[in-house]
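Visitor: Sequence:
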Amino acid sequence: MESYELNYNYDYKYDLLDMTIKDNFKFKESVELDDGVILDFDENNRPISLEIISASKVLSTDKKNLINPTIEMFINVSDEKIHVEVIFAYELHNKSADISIEKDIVNDYNIPAMETTLVSS
Numbered sequence: 001m002e003s004y005e006l007n008y009n010y011d012y013k014y015d016l017l018d019m020t021i022k023d024n025f026k027f028k029e030s031v032e033l034d035d036g037v038i039l040d041f042d043e044n045n046r047p048i049s050l051e052i053i054s055a056s057k058v059l060s061t062d063k064k065n066l067i068n069p070t071i072e073m074f075i076n077v078s079d080e081k082i083h084v085e086v087i088f089a090y091e092l093h094n095k096s097a098d099i100s101i102e103k104d105i106v107n108d109y110n111i112p113a114m115e116t117t118l119v120s121s
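In the working numbering, the protein residues as written are 1 to 121.
Take these hints with a grain of salt, some might be off.
[What the hints assert, rightly or not] Here are the computed lysine-lysine pairs in the DSBU-like style, where the Cα-Cα straight-line distance is at most 30 Å:
{"no.": "1", "residue 1": "K64", "residue 2": "K103"}
{"no.": "2", "residue 1": "K81", "residue 2": "K13"}
{"no.": "3", "residue 1": "K64", "residue 2": "K13"}
{"no.": "4", "residue 1": "K57", "residue 2": "K81"}
{"no.": "5", "residue 1": "K81", "residue 2": "K28"}
{"no.": "6", "residue 1": "K26", "residue 2": "K95"}
{"no.": "7", "residue 1": "K103", "residue 2": "K81"}
{"no.": "8", "residue 1": "K13", "residue 2": "K57"}
{"no.": "9", "residue 1": "K95", "residue 2": "K63"}
{"no.": "10", "residue 1": "K28", "residue 2": "K57"}
{"no.": "11", "residue 1": "K13", "residue 2": "K28"}
{"no.": "12", "residue 1": "K103", "residue 2": "K28"}
{"no.": "13", "residue 1": "K64", "residue 2": "K95"}
{"no.": "14", "residue 1": "K57", "residue 2": "K95"}
{"no.": "15", "residue 1": "K95", "residue 2": "K81"}
{"no.": "16", "residue 1": "K95", "residue 2": "K28"}
{"no.": "17", "residue 1": "K103", "residue 2": "K57"}
{"no.": "18", "residue 1": "K26", "residue 2": "K81"}
{"no.": "19", "residue 1": "K103", "residue 2": "K22"}
Keep in mind that the hints were calculated from the coordinates and are not lab data.
Here the structure is a predicted model, which means the values were calculated and not measured.
Could you build all of it, start to finish, from the sequences and the hints given here?
Guide: In structure tokens, the structure reads:
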């Protein structure tokens, strides 16, 4: 399984969340997993970025919980589907809490089978 470190950016005003790998890459295509949830791949079919529009609504959480969470993203691609699971861990009243999201889409993009982990630093 490959693993990459993420840059994390949350725009509080526009409720836009973007997570992009720190490595160099050349963008190839975007796959919309759901309304406003977009996964990008590079020319080597490596997942490079996840964008969530209206993030607090999609994740059913308060915007403040998205300011500086710890992220773990798991991407599993098979011949049949693309599966993405993201866990956002944050502090709430001095206790650990987390939010997660899982999305599946049919692999009509000919992305080769793989397992990848992306994490924030």
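Visitor: Next, verify each hint and record whether it holds.
Guide: Now the hints, each set against the structure:
Between K64 and K103, the direct Cα distance comes to roughly 23 Å. Compliance with the 30 Å bound is thereby established for this hinted pair. Restraint check for K81 and K13: the C-alpha separation of about 34 Å exceeds 30 Å, so the hint is violated. Only pairs whose Cα atoms come within 30 Å are accepted, and K64 paired with K13 is accepted, the gap being roughly 11 Å. Proposed proximity of K57 and K81 is supported: the alpha carbons are some 25 Å apart, at most 30 Å.
Using a Cα cut-off of 30 Å, the hinted pair K81 and K28 holds, with the two alpha carbons roughly 19 Å apart. For the suggested pair K26 and K95, the alpha carbons sit about 39 Å apart, so the restraint of at most 30 Å is broken. At roughly 10 Å between alpha-carbon atoms, K103 and K81 fall within 30 Å of each other, so this suggested pair holds. Distance restraint check for K13 and K57: the Cα-Cα separation of roughly 13 Å lies within the 30 Å cut-off, and the hinted pair is therefore satisfied.
Simply put, K95 and K63 have alpha-carbon atoms about 17 Å apart, close enough for the 30 Å limit, and the pair holds. Taking the CA atoms of K28 and K57, the gap is near 28 Å; set against the 30 Å cutoff, the hint holds. Proximity of K13 to K28 is assessed by CA-CA distance (about 29 Å); at most 30 Å being required, the pair is judged to hold. A hinted pair counts as satisfied when its Cα atoms are at most 30 Å apart, and K103 with K28 qualifies at roughly 21 Å.
Using a Cα cut-off of 30 Å, the hinted pair K64 and K95 holds, with the two alpha carbons roughly 15 Å apart. With a C-alpha separation of about 23 Å, the suggested pair K57 and K95 falls inside the 30 Å cut-off, and the hint holds. For a cut-off of 30 Å, the pair hint linking K95 to K81 is broken: about 36 Å separates their Cα positions. Note on K95 and K28: the hinted pairing is violated, with a Cα-Cα distance of about 40 Å set against a maximum of 30 Å.
For the hint linking K103 to K57, the alpha-carbon distance of about 15 Å falls within 30 Å, and the restraint holds. In summary, the hint linking K26 to K81 is supported, as the alpha carbons are separated by about 23 Å, within the 30 Å threshold. Simply put, K103 and K22 have alpha-carbon atoms about 23 Å apart, close enough for the 30 Å limit, and the pair holds.
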